[in-house]
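Colleague: In case you want the letters, here they are:
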Amino acid sequence: MRYEVRVIGSAGQGSILAAVVLATAAAEEGLWATQTASYGAAMRSGTSLGDVVISDQQIDFPQVTELDAVIIQSQEAYDEMVKGKPVRLDPECGENTADVLVNVKPGALVIVDEDLVQCDLDCNMYRVVSAPIARTAAEGLGRRQVMNIVALGVFQVATSLQFDGKPLISEESFLKAIEKSVPKRFIDLNKTAFQEGVKIGKAALQKA
Amino acid sequence: MAKLELKYGNHACAEAAILAGCRFYAGYPITPSSEIAERMAELLPRHGGAFIQMEDEIASMAAIVGASFAGAKAMTATSGPGFSLKQENLGYAFMVEAPCVVVNVQRGGPSTGLPTQIGQQEIMQSLWGTHGDKLIPVFYPGNVQEIMEETIRAFNWAERLRTPVVLLLDEVLGHMRETVDMEQFTPDKVEIWNRKMPEVPPEEYLPYKPGEDDVPAIAPYGTPGYRGHATGLHHDYTGFPTTNPEMCEELIERLIRKVKRNQPEMEKNEEYKLDDAEVAIVAFGTTARAAKTAVDMAREKGIKAGLLRVVTIWPSPEETLNKLAKHVNAILVPELNMGQYVLEVERCAKGEAPVYRLNRANGKVIYPAEILSKLEEIVKARV
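Residue numbers (our numbering), protein chains in the order written: chain A, 1 to 208; chain B, 1001 to 1383.
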């Protein structure tokens, strides 16, 4: 089993942190994982991405090439990396090398923020799960910054679509991963954010 | 039962150094190696060690030689331009036999090059960068777990042979987080070697008189009664300069021999699907990981490919490479430079099999699909 995830978003939305928490959760689950990012964090402007490869054995090639899931946090990131070209997600690669670099597999999970991202992906080709991620973070929790962790909650639930009704990684592993990955004073907030994500994820799956 | 923990590559290097007994770090920050220094600055004071940020890379290298002579296991880490600056004192460490570990997290070169992107352009420099003849062990791990293993192994060989050891990483390895099975790194499971100490009384002590293993037992400076002298000049057993041709010859031959004679024990490779392979890939570091995936892709297409991943880059696995060349129809050496280790593979292959290249030095990794196309090209050309 090799499972590849890319989290994309605008600067400051915590795409890389989401990738780190996801990889840590995989480790908690007893799975092997690699987490890579293009170096240099985009903190104030531009788009950023965080990649994770998860496997039940030690991983050979550590970077993503065939995505099983994409988490899309902003319109800007969607427009730059996905729109009109759902087979290519690497902003750095040219058209001629696109095929050998990053593709989104048919059947891949696509998690989008329903308020922030106008997504025109073919729902017959991808499993598009749309949920009010940023709204939940801002209104439900009072902290828009934790939308990346809310998104992980949605992702956790939605992977059950790909693994016969059972999520790839348990909620417990994610909660442990959050404890290990965020500053102490934000642990409770992030745990709640994850649990809220799970809730809206379940609701979104029922709707779909 | 595996005990998996997600670790950042550069942090893994620092943590393994502490496990290996490193208690002194001097360095000057440079991307993509700075996180090693950051972690060492955090860890060393907690373990009774010392961390110092020096004024530059030259001074950092000098400082770890000094610390080593005072008896500490010492390390520095850098990247491309900093590695160039360290070269003179790296040669000095080799000449005065100061055990130490120099980490080079490779980025794109030459010069300041591509600071934030991957390269594998110091394969030759790590052995030949400093002037004069020498042979130093150079290790190049392929994943974060192995960064820990190889860091410990680098310290062990440095201590056992009283030599500098270069540990090569690359930007992707250093900046990647990956699961590590921590089971094998519990203190009771980690094998640690320490340098030998003189067994003679002070009046009989000659710091540079080698033992049967070609390694001298040099007392840490400050050991009462054991007086030492170190110089980069050719020296006799006392450590004082000499131009006596016999002594000079004995010294240079011994310095190289003490490493060379241990090559078989030091050799470390990973062999993957080589048994029935018709085309072999020789690779290391991040590129070897793409190569391994490419081997599987090629097998699915009916191409009998295999991989020899070299971990001990220098001294090179001469005999293994020669045997490999006799065993296969062609060898491919993909590397993130304009063709460096391929020269060594060609030398060792001695014409037994044609050696092909796949080179890139633009800061991007080589993808598995690209290695696969090259393999297909080679197979087509040879039918």
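Keep in mind the hints are simulated off the structure, nothing from the lab.
It is possible that some hints are incorrect.
Stated by the list, open to error - Restricting the straight-line Cα-Cα distance to at most 20 Å, the calculated cross-link-like pairs of lysine to aspartate or glutamate (EDC-like) are:
no. : chain 1 : residue 1 : chain 2 : residue 2
1   : B       : LYS1003   : A       : GLU179
2   : B       : LYS1301   : B       : GLU1319
3   : B       : LYS1323   : B       : GLU1352
4   : A       : LYS199    : A       : GLU139
5   : B       : LYS1003   : A       : GLU29
6   : B       : LYS1003   : A       : ASP56
7   : A       : LYS180    : B       : GLU1005
8   : B       : LYS1273   : B       : GLU1250
9   : B       : LYS1134   : B       : ASP1214
10  : B       : LYS1301   : A       : GLU66
11  : B       : LYS1350   : B       : GLU1318
12  : A       : LYS180    : B       : ASP1181
13  : A       : LYS176    : B       : GLU1005
14  : B       : LYS1350   : B       : GLU1300
15  : B       : LYS1326   : B       : GLU1246
16  : A       : LYS180    : B       : GLU1183
Stated by the list, open to error - Label pairs and their computed distance ranges (CB to CB):
no. : chain 1 : residue 1 : chain 2 : residue 2 : range
17  : A       : LYS184    : B       : GLY1048   : 24 to 32 Å
18  : B       : PRO1187   : A       : MET125    : 47 to 55 Å
19  : B       : SER1373   : A       : LYS166    : 34 to 42 Å
20  : B       : MET1182   : A       : LEU161    : 27 to 35 Å
21  : B       : GLU1088   : A       : ASP79     : 31 to 39 Å
22  : B       : GLU1183   : A       : LEU175    : 21 to 29 Å
23  : A       : ASP56     : B       : GLY1339   : 32 to 40 Å
24  : A       : ARG144    : B       : TRP1193   : 30 to 38 Å
25  : B       : ASP1213   : A       : GLN57     : 36 to 44 Å
26  : A       : LEU161    : B       : ASN1359   : 12 to 20 Å
We put the CB at the ideal spot given by N, CA and C, even for glycine.
Colleague: Would you pick out the hints that fail for this structure and give their numbers low to high?
Modeller: Going through the list in order, the structure violates hints 2, 8, 14, 15, 21, 24 and 26 and respects the others.
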